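Protein chains in written order, with the working numbering: chain A, 1 to 239; chain B, 1 to 239; chain C, 1 to 239; chain D, 1 to 239.
For the record, the hints were derived by calculation from the structure and aren't laboratory data.
Keep in mind that this is a model prediction, so the values were computed, not measured.
Glycine is no exception: its CB is placed at the ideal position from the N, C-alpha and C atoms.
Check before you lean on any hint, since a few could be wrong.
Partial pick of chain D residues on the chain B-facing surface, computed with a CB cut under 7 Å [said to hold, decoys possible]: (1) E194; (2) M197; (3) T205; (4) V207; (5) E208; (6) A212; (7) R220; (8) G230; (9) T231; (10) V239.
Short derived list, chain C residues pointing at chain D, Cβ under 7 Å [what the hints assert, rightly or not]: (11) F128; (12) A195; (13) V207; (14) A225.
Next come the chains, spelled out residue by residue.
4 protein chains.
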Amino acid sequence: MPTLDEARAKLALANRILAHEGVLDAFGHVSVRHPSDPGRYLLARSRSPELIEPADILEFTLDSEPVVPPIGFMYGERVIHGCIYQARPDVVAVCHHHSRAVLPFCISGIALQPVDHLGATMGAVIPFWDQRDEFGDTDLIVAKPEEGRSLARALGPHWVVLMRRHGATVVGLSLEEMAFRAVFSCRNAELQREAHMLGAVSPLTPVEIRKAGAFNVEPRPIARAWEYWGTRLRKAEAV
Amino acid sequence: MPTLDEARAKLALANRILAHEGVLDAFGHVSVRHPSDPGRYLLARSRSPELIEPADILEFTLDSEPVVPPIGFMYGERVIHGCIYQARPDVVAVCHHHSRAVLPFCISGIALQPVDHLGATMGAVIPFWDQRDEFGDTDLIVAKPEEGRSLARALGPHWVVLMRRHGATVVGLSLEEMAFRAVFSCRNAELQREAHMLGAVSPLTPVEIRKAGAFNVEPRPIARAWEYWGTRLRKAEAV
Amino acid sequence: MPTLDEARAKLALANRILAHEGVLDAFGHVSVRHPSDPGRYLLARSRSPELIEPADILEFTLDSEPVVPPIGFMYGERVIHGCIYQARPDVVAVCHHHSRAVLPFCISGIALQPVDHLGATMGAVIPFWDQRDEFGDTDLIVAKPEEGRSLARALGPHWVVLMRRHGATVVGLSLEEMAFRAVFSCRNAELQREAHMLGAVSPLTPVEIRKAGAFNVEPRPIARAWEYWGTRLRKAEAV
Amino acid sequence: MPTLDEARAKLALANRILAHEGVLDAFGHVSVRHPSDPGRYLLARSRSPELIEPADILEFTLDSEPVVPPIGFMYGERVIHGCIYQARPDVVAVCHHHSRAVLPFCISGIALQPVDHLGATMGAVIPFWDQRDEFGDTDLIVAKPEEGRSLARALGPHWVVLMRRHGATVVGLSLEEMAFRAVFSCRNAELQREAHMLGAVSPLTPVEIRKAGAFNVEPRPIARAWEYWGTRLRKAEAV
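Please model the entire structure based on the sequences and the hints provided.
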């Protein structure tokens with residue numbers, strides 16, 4: 001079990017990796033469940049993910065209340081994280097993002113589907129959450145506990161949920177696995193869009209999704225990708 | 001109230017940020033209203049925005065005459081700035097650009113519309129200015145006072161105006177807020193174009209545009225994005 | 001004939017060149033036939049191509065068994081390499097990749113065709129391998145010898161084979177020539193997709209494909225491209 | 001009038017600028033007419049443009065024969081340059097390229113047209129040269145004097161000629177002006193393709209093309225762009 005300091009360092013790294021790989025930009029955020037207390041989670045103060053250092057990481061209860069009152073701003077949408085950790089005891093890491101790759105699906109309503117072997121990591125079902133169904137016309141921000149709970153219900157037992165006109169939320173059983181799902185769901189979205197422009201696109205078969213999805217989250221592929229992303233980030237930060 | 005030196009430094013920074021974020025390239029320009037004299041504005045000498053230093057910043061009257069006759073070239077289209085500052089006392093910052101993101105809309109005439117929560121920052125109406133309506137076939141440059149006044153009339157009370165076959169002009173209540181509107185209108189244009197290729201695209205609802213637009217220009221999101229862009233620029237310039 | 005150390009160094013370089021030019025990312029791999037023993041080939045341990053150093057290179061029999069049992073993971077899909085070296089005595093280098101350029105063709109099933117003079121390097125026929133034809137619904141990974149043999153049969157006497165929902169495999173008579181075919185087949189795929197969006201796309205004529213394809217793999221173009229890619233990589237790695 | 005050494009240095013710089021701005025890659029080449037002898041031109045030895053140094057520049061007669069027999073390879077397509085300098089006494093600089101921006105037009109046959117004010121720099125007519133009309137099925141390379149003369153005839157009095165399935169050739173009255181035409185014809189091609197995906201695209205009006213085209217090649221815009229491209233290159237090369 002990692003110490004709290006190790007967990008903070010790894011969460012800061014995951015933030016910067018997902019920014020460097022194009023999943024996150026000025027906005028979006030990444031959290032991890034507390035390494036020894038499943039009733040808490042770690043999340044940065046309000047700051048762009050590319051800039052997050054271990055000292056920026058705060059500790060929250062699953063009601064998304066800070067354990068120690070922080071100096072300065074907190075992310076306005078942290079209920080996304082708390083409500084998912086409450087609803088999904090298996091989930092260890094959460095990323096909410098607005099990547100350019102998935103937004104065309106969030107805008108058009110065309111279903112995101114696994115179209116290649118790496119995209120199978122998303123799972124067979126990628127739910128689409130339309131905030132209007134329960135809350136009518138809003139500012140599209142997920143700031144109230146009931147909004148977070150509604151999103152968590154839409155996610156259900158799945159790994160990726162699209163949010164109408166807003167972005168996506170991705171979960172995983174570890175930071176590394178969640179990052180893998182986040183990067184390759186964005187890549188699948190880009191490929192699906194570009195294949196769509198060539199002709200009709202269908203998803204993988206259900207058996208392919210199950211088999212390829214299981215293969216992708218084995219230790220070897222996840223370790224290879226995590227080493228790759230980390231090395232790329234280190235080179236970029238050394239400049 | 002910032003001193004003139006501080007205003008020059010911040011305007012140079014805003015030029016380089018908007019170049020680094022892909023809004024500006026060889027052409028385009030950014031201005032800010034004079035910090036203590038609302039009858040004047042600051043704008044660089046004729047030079048690409050990525051290269052602007054505080055020493056490049058000149059001072060103009062709202063008739064776009066230089067307060068001190070400069071050595072070398074001035075931007076040919078500075079009436080865009082002067083005429084908007086005359087017509088819109090609320091406006092503190094103006095950017096005119098030809099970004100690749102918005103040009104497909106300026107060329108095709110397809111309406112740019114807010115399609116996601118960050119795009120709501122553009123406002124509900126993005127006017128389309130066709131220079132031919134008043135001036136017939138021109139060189140498409142906005143160099144005469146009457147052309148600048150016509151563009152300012154087309155902008156009206158809005159934040160972004162598209163210019164047929166030419167580009168866009170974006171205004172704001174501060175340099176930071178204007179930069180936010182400029183970056184996220186370009187991003188909205190990219191997303192709208194890509195969503196368009198997937199299927200029919202509609203705008204946000206009017207209530208969503210109003211609510212999300214108001215949320216986005218609150219201090220927290222603007223400060224987060226400005227810190228992010230500034231840090232990215234500093235890292236790029238340190239290379 | 002290069003020594004084994006020279007072959008290892010050049011293979012590591014080819015890995016990093018193809019990563020830097022966008023053919024390879026976290027996944028994919030490159031091999032070369034052993035310089036003095038045509039019954040063996042060289043391939044890295046399980047690691048992302050951008051990170052490969054000469055010390056990562058292992059030696060395999062054509063049955064894809066390691067000559068010396070390695071420490072740590074091996075690539076799961078190395079039968080792609082062994083089976084092609086068995087079936088194609090002329091082939092000296094093999095690259096398996098999932099580049100974003102070719103995947104839209106692997107997903108949509110639209111035929112990849114040579115559309116410009118550099119794309120003629122692919123040859124007139126780019127076979128499409130559908131793993132389902134022989135193996136039904138799989139995890140889409142080519143890990144079993146019979147899967148590798150099936151892919152090698154699909155490749156036949158050609159230079160590039162597309163793999164349904166997965167990627168491509170490219171072969172050549174030297175590392176440099178194979179890299180040329182890999183880079184310019186990706187580029188052809190991008191151009192074909194973008195031309196497709198403008199209007200109907202047809203391939204080059206059969207005579208053009210034969211003549212331009214022969215011209216492209218002469219020593220002069222291959223040497224020019226290899227020097228270019230190597231210099232670009234060296235500059236990027238020196239940062 | 002620049003000295004020969006100054007001309008060599010500037011031509012090397014123009015090569016690297018056009019590579020850095022994405023017009024040239026492994027292939028393509030740039031030449032300039034000899035500064036004191038209009039019957040000669042300067043062109044690099046066979047090497048990728050990004051790598052060209054002043055010492056790589058050779059001197060050719062307008063028959064594309066080297067004035068001093070060089071060590072190593074020469075570009076195979078140098079007749080493009082010689083034949084255009086023969087046919088067009090006004091032309092001072094020539095660039096032949098295969099940029100990704102224009103190739104979709106060379107492949108689909110859809111007409112490239114000036115669609116925005118900077119694209120007007122191409123002129124109203126961009127001829128399309130189909131090598132098959134005179135030479136049947138070839139390797140698509142322009143290596144013979146009669147092929148170079150045919151291309152020069154197709155170019156006629158214009159500034160940009162598209163070459164079926166191959167690329168483009170751009171000419172100008174100086175290296176700076178030619179670079180301006182080359183960069184902004186690529187940009188126009190990208191914008192036209194992206195606007196095409198939004199809806200029907202028409203060109204500027206004939207009067208707009210004439211007026212905006214004349215404005216763009218005045219000293220001020222050309223100097224601004226040349227300073228910008230040169231500074232960007234210097235920063236990239238200093239890394």
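Which hint numbers doesn't this structure obey?
8 and 11
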